[in-house]
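Asker: Chains P and H supply the protein sequences, listed in that same order.
Under my numbering, think of the first position of the first sequence as 2, with each following residue one higher.
Under my numbering, think of the first position of the second sequence as 675, with each following residue one higher.
Simulated from the structure, these hints should not be mistaken for lab results.
Every value quoted in this text rests on a predicted model; they were computed, and no experiment measured them.
In this text, a Cβ means the ideal position worked out from N, Cα and C, and glycines have one as well.
DSS-like cross-link-like pairs, simulated, lysine-lysine; straight-line CA separation at most 25 Å: (1) P:K416 with P:K392; (2) P:K416 with P:K428; (3) H:K728 with P:K264; (4) P:K271 with H:K728; (5) H:K1051 with H:K1111; (6) H:K1113 with H:K1051.
Derived, one-sided and incomplete: chain P residues facing chain H with beta-carbon distance under 8 Å: (7) P106; (8) S111; (9) E159; (10) R176; (11) L178; (12) A179; (13) V210; (14) A214; (15) L217; (16) L229; (17) V236; (18) D238; (19) A309; (20) R311; (21) E314; (22) H317.
For reference, the chains in residue letters:
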Amino acid sequence: MTVSRRAFLKGATLSGGIIRVGLPPLEAMFNANGTAYAAGAAKSAAAIDTRFVFWFNGNGIPEKYWIPRQTGPDYEITPCLKPLAPFRRNIHVVTGLDSPAARVPQPGNSHYPSMSALLTGQPFTGRGAGGASLDQTIAARIGNDSRFRSLQIGVCQESFGESIQRNMSWAARDRPLAAEMLPHRLFDRLFGVREEGWVQRQRSILDAVGQEARELQTRLGSADRSRLDEYLTAVRDLERSIAALPAEYRAVVERPPDGGDLKDWPRIAKLQSDLLVHALASRQTRVASYMLTKCQGLSRFPWLGHTAQRHHEYTHGQVETPRGMRILRDICRWHVEEFAYLLARLRATPEGDGTLLDSTCLLFVHEHAEANSHKNNNLAVILAGGAGGLKTGLHTRTTGTLGDLYLTLADEIMKAGAGGFPTAGRKLVEVV
Amino acid sequence: MRRFLAPALLCVWFTGGVAQPAPSAMRRLTHSQYNHTVRDLLGDPSRPADQFPKEDFVHGFTNQSAGQSLSPLLAEAYNRAAEKLARNAFRGGDGRGLVGCRPAGPADAACRERFIRTFGRRAFRRPLTQEEASRYSRIHREESLRAGDFLRGSQLVVEVMLQSPHFLFHLEEGSAPESYRIASRLSYFLWDSMPDEELFADADAGRLAAPGGIRATAERLLASERARLAMDEFLAQWIRFDRLRNAIRDRRLYPEFTAELVEAMFEETRRLFRSLAWEDRNFTEFFTADYAFLSSSLASLYRLPAPAEEFDRVPLPADSGRAGILGQATFLTLTSKPVDTSPTERGLFIREHFLCQIVPPPPPGIDTTLAALTDEKPMTTRQRLAVHLTNPACAGCHQLVDPIGFGFEAFDAIGRGRQKEVVTIYPTQDELVRRVKTKPAEHRLSIDSSGRVEGWPEPAFSSPRELGAKLAANPACQRCVVRQLFRWAAGRRETAADQEAIAAAFERFRASQFRFRELIIAIVTSPRFHGG
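Isolated chain P (complex conformation) (with noise of 0.2 Å):
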């Protein structure tokens, strides 16, 4: 099979606009066929996209288990962090982060302003976060030449359903970005047959109500307009979104099943990673967020032989114990188990000289650091990849802020050019 690699599907938008929607990188996609790909890759290596991951889990971290005692490139691997061992040359574990935002007293419990100051540097508004998350600020700049300017995934779904606890993506103040949770409708969204016939149909219907969506706007006042818009670029998203893909898609990637046991979080995580590489590598989009369990989560975890209680009661029973601290050392050990197995996919996907991994820049994130005293200052992130010069290999403590390290990595490695975020003001030279 010859496909070349410059190969696009092209369609006009109503807008006017060019969808681009590239193929995959073969040999990650067909494995049987071999390489393809390979021939025409050293010249085009420059022009490889880099792409962001917004990775979280909720409810904070043990953080004796968790954080590195040493500093620099000879940590000792501490057991939460085991899984990552492989990647130790390509990840980053940065601790010492602050999240004044946070500490702004709002009303509902500790998590909601932990969790909007970890997303977006701004005080939870008693509703939702309190403005773009960092994936939101960084699609805003570079997502737009995508066929999903972002995508939002989900794993575990198990929470007390607050909006803030719900959504780590937010477009703006108050204004979740709801994830997709289950795999075989996230495939569906990537790689689903879509016929030119009903591509065509779907685009007059859209353009339909794209212009009465417009034409009210003239009418109405200006908070309800506020409220339309975000109807009219959701609709016009989609409108990007719809493309009849090649049929080379269907044939490399395997639709996961509707059924099987969709509260088994371990797999469901596991197909969630599959797709998003697979929509990383084939360019439909360059940024995602990925929430493994919920903030202030209430996940069960029956295969880690922890099931008398949920997440969150384990993060304030008896922690101090050292049952209870041994049960969020196996928990968190999971989290970055997931986390390592995307790491693993992306790293097993050829792109270019190197890999997929290569020119993605992860960032794994909690909403506190300990969960039971609701910390949240001296927070431990995970960054990870290769994308934009990324520093790597190292554990580095610091006295930064959220914003700090989100505006360094928007800018300097994403080359977002947000040019500010809040609660940043300066940036981590560190992870550069």
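On the provided structure of chain P, position chain H as indicated by the hints.
Answerer: Chain H only, in chain P's frame:
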């Protein structure tokens, strides 16, 4: 920080009368409204919105404008649902009679015009404007000529309309004549669905222009079973049934806690609410009812004789300590944890849901671990929580909540009565290895169930029944019922501008001896609701 260390009463954030920027009045259909609307509009019972991205809770409900984001994922879901609904509507012809005339051919203009006007009025819940009618007519004509089939045009029109903002949103200004907006507000609040033909006729005839007309219409809608189902949903969200549905219990301690028992708990709560609301009883009995609607499983949990029929009304003996919602397993369970009760959660729930107060979270950096339990010094939950009231960083707020919860300590984490708190201490790994302790030790500790409501002139109580009587007589609690229903009806938290309307609704509620139906009427006839 000052706020957390301030005297207790300053800790509570009273939310009434807070000036806020004018919120967008524009709400989208909730998922439940979407399901009911396509059922009534298209005769399609498939509940497509169950597959949409789940709705989030904001301000205690999932129907709040502030929580209704429009993500690309939701727009895609609308798109997919519209495609499927439109296709099914015309599968094998016009089986559901949506077109309403027999087209002479693909280009039958009269039939097309008629379909667009009648269906459009029902889909947009108001008559179409001339421009809209001609736009849809064009869409219809092109498609039916292209496909050589009149119904293909109709299908496309339906598919577009189902994605139009005029269908998906409750539009307030600049769109519909007022009487149609009122009709929609009434039907979505009272039926959770679109207006029926009779309500459209009321709007056509201008009968909704005066409060008297609104009242008569509201009473007609309230007489329908649909109103009961719609208010059941208000109840389920107000009392946060979702938390009970997602609750888990340690099986070693609570083997009787099953999904069936949880369903029985919901049913008990629903039956009490329905009996008060629809039999026009005094709604303050929600807190004081000395009777209950029990399944045999609940009767056994409460240690009462089984009812003759499932969910028959049975008396609650005074010495049971139970009365109303506070004595129900629903409340007692959803505010507990997998192993223990949570006096903090119980107190917090009462402050937030029944008194409409907001208690701020603990300041960050506080270690919330309670003293570890040892066989040498076993402690009751109350004893372990004592630190909340002695540590000044905690006490400011916790004295508002924990002492309320202490009054419920005679009921365990699934709502069973108890004389003693059984504290089970499992052997640690170390003890198991050293074989100094191999079996869990059970300690049976005496319970102190004296509670108090900080800030009340007569704060002391010692059972759900005693607190229920105090709540029922408390104007703040009575007003809170009004505020919760207002939030549900308006889809937003009340603002300063709503205070007068809420006060007026409260007066009518009280003057009617707290008839819930009268409260509903007071809300729908308020200018803040119908916007007149």
